[in-house]
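Residue numbers (the working numbering), protein chains in the order written: chain A, 473 to 1281; chain D, 473 to 1281.
There may be inaccurate statements among the hints.
Covered stretches of chain D (in silico footprint by chain A; criterion: 3 or more residues with CB under 8 Å from a CB of chain A, positions within the stretch not fixed) [said to hold, decoys possible]:
| id | stretch |
| --- | --- |
| 1 | 666-672 |
| 2 | 847-857 |
Computed list of chain D residues with no C-beta within reach of chain A, every gap over 12 Å [to be verified]:
| id | residue |
| --- | --- |
| 3 | Q496 |
| 4 | P532 |
| 5 | N599 |
| 6 | K716 |
| 7 | A753 |
| 8 | K813 |
| 9 | K833 |
| 10 | A840 |
| 11 | E877 |
| 12 | M883 |
| 13 | K927 |
| 14 | K997 |
| 15 | D1022 |
| 16 | D1101 |
| 17 | P1138 |
| 18 | D1270 |
Derived from the structure by calculation, the hints contain no laboratory data. Where a beta carbon is used, it is the ideal one built from N, C-alpha and C, also for glycine.
2 protein chains.
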Amino acid sequence: MTSLTADVERWSPYSKTRSTIDEQPLSADEVDKLTRYWEASLYLCLGMLYLKENPLLQEPLKKEHLKARLLGHWGSDAGQSFTYIHFNRMIKKYNLNAFVISGPGHGAPGLISNFYLEGLYSEVYPNKSEDVEGMQRFFKQFSFPGGIGSHMTPETPGSLHEGGELGYSISHAFGAVYDHPQTIALTIVGDGEAETGPLATSWHSNKFLNPITDGAVLPVLHLNGYKINNPTILARITEDELTKLMEGYGWTPYVVAGSNIEEMHQAMAGTVEKCVQEILAYQKEARESGKVFRPRWPMIILRSPKGWSAPRKVEGHYLEGHWRAHQVPLPKVASDPEQMKVLEAWMRSYHPEKLFGKEGKLIPELRALAPEGNSRMSANPITNGGIIRKPLKLEHFQNWAVKVEKPGTTMGPSMANFAEYLTMVVRDNPTNFRVMGPDETESNKLSAIYKASKKVWVNGYLPEDEDGGNLEPQGRVMEMLSEHTVEGWLEGYILSGRHGMLNSYEPFIHIIDSMVNQHAKWIEKAAEVSWRRAVSSLNILLTSTVWRQDHNGFTHQDPGFLDVVANKSPEVVRIYLPPDANCLLSTMDHCFKSSNYVNVIVADKQEHLQYLNMEDAVAHCSKGLGIWDWASNDAGAEPDLVMASCGDVVTQEALAATALLREYLPELKIRFVNVVDLFKLQPNGYHPHGLTAAEYSALFTSDRPVVFNFHSYPWLVHRMTYKREGQHRMHVRGYKEKGNIDTPLELAIRNEADRYSLAILAIDNLKDVLGNRGAGPREKLLGERIRSLEYAYETGMDPEIFTGWKWPY
Amino acid sequence: MTSLTADVERWSPYSKTRSTIDEQPLSADEVDKLTRYWEASLYLCLGMLYLKENPLLQEPLKKEHLKARLLGHWGSDAGQSFTYIHFNRMIKKYNLNAFVISGPGHGAPGLISNFYLEGLYSEVYPNKSEDVEGMQRFFKQFSFPGGIGSHMTPETPGSLHEGGELGYSISHAFGAVYDHPQTIALTIVGDGEAETGPLATSWHSNKFLNPITDGAVLPVLHLNGYKINNPTILARITEDELTKLMEGYGWTPYVVAGSNIEEMHQAMAGTVEKCVQEILAYQKEARESGKVFRPRWPMIILRSPKGWSAPRKVEGHYLEGHWRAHQVPLPKVASDPEQMKVLEAWMRSYHPEKLFGKEGKLIPELRALAPEGNSRMSANPITNGGIIRKPLKLEHFQNWAVKVEKPGTTMGPSMANFAEYLTMVVRDNPTNFRVMGPDETESNKLSAIYKASKKVWVNGYLPEDEDGGNLEPQGRVMEMLSEHTVEGWLEGYILSGRHGMLNSYEPFIHIIDSMVNQHAKWIEKAAEVSWRRAVSSLNILLTSTVWRQDHNGFTHQDPGFLDVVANKSPEVVRIYLPPDANCLLSTMDHCFKSSNYVNVIVADKQEHLQYLNMEDAVAHCSKGLGIWDWASNDAGAEPDLVMASCGDVVTQEALAATALLREYLPELKIRFVNVVDLFKLQPNGYHPHGLTAAEYSALFTSDRPVVFNFHSYPWLVHRMTYKREGQHRMHVRGYKEKGNIDTPLELAIRNEADRYSLAILAIDNLKDVLGNRGAGPREKLLGERIRSLEYAYETGMDPEIFTGWKWPY
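With the rest of the complex left out, here is chain A:
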């Protein structure tokens, strides 16, 4: 196995200190101060992990000073703190506007300790004051019930990225600096995180950053060496490979590697300064020339021992520089007096008394190293984006109304019409709003927006791009074939105080289930934090939906994102399924004006029947659901049947089924109900939008059969209505995971969500009213269903009864 070790040994953090930059910019006094400042931070990290009392070790350490349950991670703290402190120096020297993003999970102490040292933490939480009592509370609250988590959670000022679920640090950082030309995001990327797919591709974000109008991201790839229980891939490939990888991603990597603290300070100081100078120089060049180019932006590869400054070995096993330093290094400290001694000696080695004095406040000599006021990264308003958020400029959406003279008689392009409205939003909010998508904006019929602004592309151009390429270095539309990256950009953009929208094919939105979950969790917790201001909602427009994925086949049929979203907090999630163009406009306008929500809007991109004029659409969407009188013949009385729908394609089928029933069985009294706002179905105690029992019964009755045609998997409706009176009479149809290469009608038939199946279902549940009179119509409907399928198999197309269907007056 020689060949697996040869290249690597010299590349351990315990080899000679190595640095791409050869400067020694610091005086001995500066090195000493930086070291002591860093030690102050590390002391606080250990305090957070271990102590609930005796915070300054003013008396000998005893068991009762220790937390009963030891939580949080030590492994990445020292390297993160080291990076932060060195960037502080740059902020002061160059008067930078910067904030920090911490990628590694559970390593928050490395930064929270700094936020406390520079005073911000106490300003935000006065009872975590800069004195012994405050420090004791600061320690105890960490990873403690009623306290704060071990990530950069919303409770932590200075954070807009929690970390923990790994992989989004780079895309969040880019999102936050787009259109913030003065801002630098110092972004610490864990080498565990760097193995994830989302992170691995997000390095390419540099091809979408405009050096004139956007800020900069300075990534620090922290080669900590280990994950929970494994070495990291990037820490074990050769230096040559790692450097090439970063160069291949388009960055200029600067290596800082070693464990000798003085030497590492010199190396890091020189390197960080070189990076800052390069960033400022590139920005100057672009901004003075007015010419966009793609710099090979600098980034830092920081290789330092995991758990740096811990004992190298404990009880015969490696600790510092090993995966054993990942979590709490001395887990038996409360039960093992030897471990407690090791801990006490270790903590005292930082000399807390010299750093914090008797009063427990960082001594002024060291405090002077940190920036002040809003120059502190912990205080950057970007990290509490609601503070700087301005509302979108929006013209009245009614100006884009589609004319509907009679409901259900004209076809119209709901999505392409919305695109015209969206063009206005893009045009009128040129530094405040972006549209994201994974290469599907054109396919999703939204390309009208290129009239206002094209797709940002800070990468190579070819002459043929003139032929409809719609690329420009300062576009407002962002497309990369990575749902993870575009979602990450959008989250970062929103959390830093701006607005935006993601458009995506419905079937592939599951790719970012987990990201949307985590964003919803962030929003929920952030809303509970008193000093955080509301940010714009995350607007996800799903199109190219399941019912028009007949031709792409089974892999493209999955409307289940709604099930995932519906599991998140009712305070945060909203789901809308507008049935036509005017409802889509009304819904999107509402979403753009909202804050602190995850809005999911499902609307197909193809031409559709139009139902409501603008006035009716606004009224319908405001209620969230309602009876469509023009499609009902129950004249306000108790109907025999309620036909209901939620979603555009399924509404057409439900209407067609209603028309068939009324044709074949004219004596039936049918009420037609359409649902736009899905959460209306839930009881009012479950979701803020939920109908009361009385409101619900007024629409759906309490005992008549309801045939409900739903866009997504049918059981989502059952899950929402299981408590409703008469729920056993609710018959829901939707996508039941039945598909292949189909025609649209064939796909609906496979899932029994077509007009014929719905009408048959209704007849089967109306025996109390119909007696035997349903048998003939039922036979006829069955026959028509079969003939439709035969036609599809013969021609590859749907019969005209489907493609040309209109509401029969």
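Using the hints provided, position chain D relative to the given structure of chain A.
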């Protein structure tokens, strides 16, 4: 913008042909034959896209010969076919065992056409014979109702990777060649796909491939240049960056770039041969020396025009070499006589009559270029893995039984005990079974398996790895901090005829929602294909579950993967929540023996109360759910209350609630039901495991209140039981998205899934039985709940009543 174009123009496929390898290995005759073979394939591609009649153009093309709906993609077909044909030459020359993976979406014609040319397609589907009639059917079926999709769907022989959802080609390829030392996976990676996160990190799979015992992957990064409507990132960065990127990933890239067909044949022939020689040489070196090293394996960067061989311009717009060639190039061919003429001329330019003669069968001169029999990539049995699949060798799982004398009185490590059984599986199936996980196998208490085999690591080693590193070049455990990659490996490993298991933290399994969805869809369709044999089930063991993520906080609490899985076909998905060690053993053994399922098993990793001895556990798991007599006092009669549970932690709380109720209200008759197999709850018509109405009522009664404590989000149970008699008396508790930094009991209380809340819920629903007698106990329970919370806030711990609780006899 000069700087954005300078480097790129010379790097267009229309520049001079470029190749890293300078060989000209082909004779003029060979070039001619390869060209004609390729044209035969391209002719078939166009036929699939456009024609339903007149397959050989033996009469002039007319509108009625055209498909009414034009589907499928042309963009990547030519490049994929080109690659395939050149690899055929290598198979014949070096007698290789190879198969192909096609990453790009909807580009299947490029390969399916080849499968038809080499005869395999007609062997598998005799009515798609090698004659005019067969060719007509072959064309018509493509993207046609009742036919096949435009991906490499399960209906397509020679495929184990559908593509379409992009990003998994490399990880699937690696999975399929692990432990297949003789096999080479020719893997065509789209440059759109290459932008996805999962693909971007999967290049690192080469650090997990053992050149002695595994096969090889030859990736061909197809720089087609465009996605649907955008240039690709990798096609627009500089040559230098792209080469460095691939070298940084650890590969040796060989460039083949251009559009001149003769020159490209020479370049590709030389390059493919160089790659094959390198692969064989590395394997020889490692296998003869017995020493594992990590070769810089070769890979090919093929830059060719998108839609290669189409007209360069049509109607004044670029077609070949542009994104307009992505889908169907001439979309108006049926309505626009000019476009029809262009198509006819284009198709005739390939001279079908010379390629296929009058009979419609590839002429022997060309057929001789393809390999024969199972050497054809289309016929490799690996792509129908069930054929070569051997059952696992498994000792009786009962040998690992945990002793349980009295239910609910002893604690035991369910997961660590299962790890001992798993050690046997790993040991006894040394080339047939792998355990995958994202860096959590140790954390998940499964590290016992390192006794049988360690973690595979074909990357740098350091001396400190001796200190518990558990790494070796031939380990059976595979860990990379990318859920996407390990899941992709496992899918590839299973689909190529082997067995395995993924273990993961529950909260982060949502990261691969979409992958699991797609795998389930593959399995469902594959099971409908008569010639496909069953493959091993995809076994996903979820641990570090929500109820023990109290300390990691809100981001780590999400049990919603089950909702996603439950949306997939009932024929494919299975969900098990074994409550204790013996049930876990029984469940896992069952899963390992099963085939064609996605099995999801949820079990916590911490110590838990043990309930069932092995005999009872087997009986319980075989039924899937049942009454626990020892915890019930209804003595077989109608109970007052049914207390039910599904999941380990929640079972303990439900039992504790039962004990509290029986202590405070001894006259209550309580039946305790535990559910292991979640789908038992669904009606039997909905899922093959579903209980009949009578079976269900026999357990849950039809009218008594049921308090059901569920592991996951409670509404999943409601969704499954909404049709059940008495469902309105079903009160489900579970995780309701309420959490923060908590203790375990506090987390349960926040979600009302704790013993006190359950008992209170029961009392509130037993007024018919209890009258006012519940008021006092209710008060007491409320008090105890509050005191538990106070204790947690004070100490950070749970009271002993929780940590030491046992069933009271």
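Right, here's what the structure says about each hint:
1. With 6 residues bearing a CB less than 8 Å from a CB of chain A, the stretch 666-672 of chain D meets the requirement of three and the coverage assertion stands.
2. Counting residues of the stretch 847-857 of chain D whose beta carbon lies closer than 8 Å to any beta carbon of chain A gives 0, which falls below the threshold of three, so the coverage claim is violated.
3. Interface exclusion of Q496(D) from chain A stands, the closest Cβ pair being 29 Å apart, more than 12 Å.
4. Every CB of chain A lies more than 12 Å from the CB of P532(D), the least distance being 22 Å, so the non-interface label holds.
5. For N599(D), the requirement that its beta carbon stay farther than 12 Å from each beta carbon of chain A is met, with the minimum near 15 Å.
6. The Cβ of K716(D) does not lie farther than 12 Å from every Cβ of chain A; its closest approach is about 4 Å, which violates its non-interface assignment.
7. Consistency note on A753(D): stated as away from chain A, and its beta-carbon is indeed over 12 Å from all of that chain's, at 15 Å minimum.
8. The claim that K813(D) lies off the interface holds: its Cβ sits roughly 22 Å from the closest Cβ of chain A, which is beyond the 12 Å cut-off.
9. Residue-level check passed: K833(D) sits 26 Å from the nearest beta carbon of chain A, beyond 12 Å.
10. Consistency note on A840(D): stated as away from chain A, and its beta-carbon is indeed over 12 Å from all of that chain's, at 34 Å minimum.
11. The beta carbon of E877(D) sits about 30 Å from the closest Cβ of chain A, which is more than 12 Å, so the claim that it is off the interface holds.
12. Once the 12 Å rule is applied to beta carbons, M883(D) is consistent with being away from chain A; the minimum gap is 18 Å.
13. A Cβ of chain A approaches the Cβ of K927(D) within 12 Å, the least distance being about 7 Å, so the stated non-interface status is violated.
14. With a minimum CB-CB distance of about 6 Å to chain A, K997(D) fails to clear the 12 Å threshold, and the non-interface call is violated.
15. The beta carbon of D1022(D) sits about 8 Å from the closest Cβ of chain A, which is not more than 12 Å, so the claim that it is off the interface is violated.
16. In this structure D1101(D) is separated from chain A by more than 12 Å, as the shortest Cβ-Cβ distance comes to about 30 Å.
17. No beta-carbon of chain A is positioned within 12 Å of the beta-carbon of P1138(D); the least distance is around 32 Å.
18. Not every CB of chain A is more than 12 Å from the CB of D1270(D) (nearest about 10 Å), against its label as outside the interface.
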